[in-house]
Amino acid sequence: MKRSTACVLLLLLPLMEAVASYGIYVGRDLTVDGSVLLGGTGDEVSSHWLEIVPSRTHPAGATIRVGVDDKATYPGEFIDIPQARKTAKYITMNYSDYEGFPPPLTNGGLNEHGLAVRDIWSPSRPELAAMTPNPQTGPNYSDLSRIAVERARTAREAVEIIGELMDEYGYSTYGGNSHLFADANEGWVVINFAGGQGLWIAERLGPDDVRMSYPGYILEVPLDFQDRADYMGSANFISFAVEQGWYDMESGDAFNANEIYGNGAGRSNEVQIIEARLAEKARRGGVSLRDMMDSVRDPIVSSDTNGYGQVAHIRQELRHPELKMLWVAPTGSVTAPFVPYWIGGTEVLPEFGKHRYLTKGEATRFVTPDFSVQEASQFAGRLFKRLMYYTCDAPERFLPEVTETLTAFEENSIADRDDIEARAHALFGAGHADMARAVLDDYSSARARAALDLGEALLGSIEARHRLLVGYRAPENLNEISTRHGPNVNCLTTTPR
Amino acid sequence: MKRVKQATGCCVALVLLPVFSAPAAASYAYYVGSNLTEDGSVLLGGTGEEPSSHWLEIVPRRSHRAGAVVVVGATARAEMPGRLSEIPQVAETFRYITMNYSSYAGFPAPITNGGLNEHQVAVRDVWSPSRPELRDMTPNPQQGPNYSDLARIALERARTAREAVEIIGELIDTYGYTTYGGNSHLIADPEEGWVVLEFAGGQGLWVAERLGPDDVRVNYPGYIGDVPADYSSHPDFMGSENLVSFAVEQGWYDAESGSPFNVDEVYGLGGIMRSPGTKFVSPAKVEAELRAMAPVSVEELMALVRDPRIADDHAGYGQVAELRRDLPRPELALLWLAPTGSVTAPFLPWWIGVENVPPEFGQHRYLTEDSASTFINPEFQLTEATEFAGRLFKRLMYYTCAFPTEHLERVQTTLTSFEAGMLEQQARIERMAELSYAEDPALGSELLTVYSHARAQDALQLGRGLVDGIEMEVKMRHGIAKPPAGSDINSGGVSVNCLVGADPDRVPQ
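From first to last, the protein sequence lines stand for chains A and B. Just so it is clear: in the first sequence, position 435 is 467 by this note's numbering, and no numbers are missing. Just so it is clear: in the second sequence, position 88 is 100 by this note's numbering, and no numbers are missing.
Just so you know, the hints here were simulated from the structure itself, not pulled from any lab data.
Chain B stretches covered by chain A per the calculated footprint, using a threshold of three residues with CB under 8 Å from any CB of chain A:
| id | segment |
| --- | --- |
| 1 | 389 to 395 |
| 2 | 506 to 517 |
Pairs of lysine to aspartate or glutamate, EDC-like flavour, derived with a Cα cap of 20 Å:
| id | chain 1 | residue 1 | chain 2 | residue 2 |
| --- | --- | --- | --- | --- |
| 3 | B | 487 | A | 473 |
| 4 | B | 487 | A | 379 |
| 5 | A | 118 | A | 192 |
| 6 | B | 297 | B | 238 |
| 7 | B | 494 | A | 402 |
| 8 | A | 118 | A | 196 |
| 9 | B | 494 | A | 379 |
| 10 | A | 118 | A | 144 |
| 11 | B | 487 | A | 474 |
| 12 | B | 487 | A | 485 |
| 13 | B | 494 | A | 466 |
| 14 | A | 103 | B | 382 |
| 15 | B | 494 | B | 483 |
| 16 | B | 487 | A | 402 |
| 17 | B | 297 | B | 515 |
| 18 | B | 297 | B | 226 |
| 19 | A | 103 | B | 91 |
| 20 | A | 118 | A | 354 |
| 21 | B | 494 | A | 473 |
| 22 | B | 297 | B | 319 |
| 23 | A | 118 | A | 189 |
| 24 | B | 297 | B | 312 |
| 25 | A | 103 | A | 131 |
| 26 | B | 494 | A | 83 |
| 27 | B | 494 | A | 474 |
| 28 | A | 118 | A | 83 |
| 29 | B | 487 | B | 418 |
| 30 | A | 118 | A | 182 |
| 31 | A | 103 | B | 500 |
Residues from chain B that keep clear of chain A, each with C-beta distances beyond 12 Å, as calculated:
| id | residue |
| --- | --- |
| 32 | 96 |
| 33 | 99 |
| 34 | 284 |
| 35 | 435 |
| 36 | 457 |
A virtual CB, placed ideally from N, CA and C, is assigned to each residue, including glycine.
So here's chain A without its partners, still in its complex pose (with noise of 0.2 Å):
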């Protein structure tokens, strides 16, 4: 019974893997300014959208919901964990729609502690997927994303938050997933396992490390891993699979948990090139805020399964704490422009909030009146995603001008950083923390217009060459707007993925 499940879901794993997303970490001695960077996306059809979520307090014995419901595709049971009494102001991309999970769901952002959260993929071997009990309980992946910004002040402690969380209440799964956490001194990997046994595993990345999770992955774990400052993990986590016969003690091999407890896949070919990419980078004088978002943007990596493009840039030395930043493409960030926010800021325009398209439910009830001068407005989503399919669709003649258009923009934005910050310092320093966040809100606002324009112009532009150099072609079957598991739309100019 349990081997027909395994098979069932063997067949099932392939399709699972049209949904990625992916996380790169470079750190501080490898990047040109001692920075730590961490960028990537999260690979999710559902519409995102940007939120400046605000430092709470709340009453003691409150309360949060987590978990997954029976519409689940691992269907589970919601429970009540305790809610911490402060939890941390953050900025995040939420989303509404995943495998069934309940919205808003979040891969995680940047926190006022400077910890930086993504979230990616990472399939777990097929009998532990099948070994998932029903219903399931416990946090799922954006629930413990969502409580490492809110609660921890550091990646050790984000981790060491979720993996007693998971200790305690257990986990829900989709079939296995990871986190990639940085703070301005290291980055951490944890992998999540299927399969309802409280399996995780975690591994330090330091000061020297690149590290891209596509899919999320952790190699050999120390027998001894519990007592290493560089590992975290469950207490069974070499137990249960010498339980298993996954594992022989005797054998004197190296405990390799992507071998063991993973997809057996090890580093796949992007991960290949863009760690390369990096190290080189970093060998020729640092990796810089533009090589990570070139990478974020790279069309092996960016595509129409992009929801948004992030780059956490985590300095060492700010003139104030307020002044960490995010810098946040709307939609994918092959065609799509990366905005700067800081977690000072408190302004999102209505067009990169929550919009309607692409959006759970949408086909079957009305706007709010509530959301609906918001949905009057311009998705930043959907103009970006216009943008990437005619760009797409003629890659060779219009992609090098965006991305040409894009970096320029950027850099724009990167040079008018210091003076920004200069001002919203002397504002703090006079003691005037809301003029000094206003400065930071006017500029935020005005990169995101001045991304809107940009947008606008590109798509008008190229719009009108693909009709006269390209010409619009309609599709053949009528009936099948939408694809579960692909292809999918993607810009690279040799063969697709």
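Based on these hints, arrange chain B on the given structure of chain A.
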């Protein structure tokens, strides 16, 4: 006995009113007979009220091989679950214009409410709640064509409105009917109209009433009043054989009473559907307005389709069919269509002879079922890259209807001026097309296609200009919108509407 029964029915209906007074979807249709219109045509206007994105399709005439079938009905996923079944396809299906959509009550996409075919048969679909006992009787799973299957088949197969009713009736008699709780169709041709009601309950119950040249009819919801005892041989009525006998069996009608068989009272909501109705305005009130308006022009019917007392965010589109006798060519059959709720969207002329649809008016992913959990099929990449007309005019609606006293009058007069220009050109364009068709059919189609596409592009320009201006004005006068207070952007509650001081979906107190 009868009185008691009726009182019960009435109470049940009243208790249920809140359910029906703000249905997630409703739709409306207006019929104006040829003696009451300005140019002697029959006019059929209205909309479908469904959340799902609506897109324009011009479906060509097609021949089908012997033994071909059509899959009809609903799956287990429908709100009232069903089982799909196959019925025979005909040898040839006619060319028609329609707005398709992707989701309603769990029925399989694409879904349609009708449109206009090459024989000038126009079809509109409107909800028509059956009495609760009938809804409860609906078998699980149910089987047979659903409302959309019937609307599409009517367009594909019927040469007249009467024939459409006969086809629908025969299909229900033979294969059953898959319901979502009670439905109606309003079908018209250049001579007459027909209202058909399809009742819930799996009993095969249906009834149809003819509308003549002196009639007006507003289905909002679809209703039929008194039906004569000899309805099956009466030229103005049709219906299932069991229409009266089933009601007698159930004790819902006493054949001996001498009272007429009132369909709304017996099978509907207890005699309230025409008046006071279930909405801000009742069918009876709108019918009186139409009569007072006679002779009714196309422009006037457009105005009533977009009336903010009725048209709101629920409207998936707006339609007016101008059904003319002695049309020189079938290709000149004309359907006016607004790409979303016409309260803030312009009507555009689409003739049966138009070859294809501009991509901006074709299918997009906005409000399309399952788009939150699926990526785009690359085959649709270039369609999705285009601006979606439905979304553009929804944006205009949301800004306009947030401050209707400031913007509605100006938006509507701009739209009617745009339409007036096209109405003025219509005779000349059609004459040019007629001459071109006589020369070479391809030339005629090209002429109509170029004209309709050009006006569609004009409409997009107009929409963009209005959105830009009103957006700027809203931002200046009212500031950047504060983030919404709730977390749920989608709801089945109060709809966004442009009516000042009332809700189009509520009966006035």
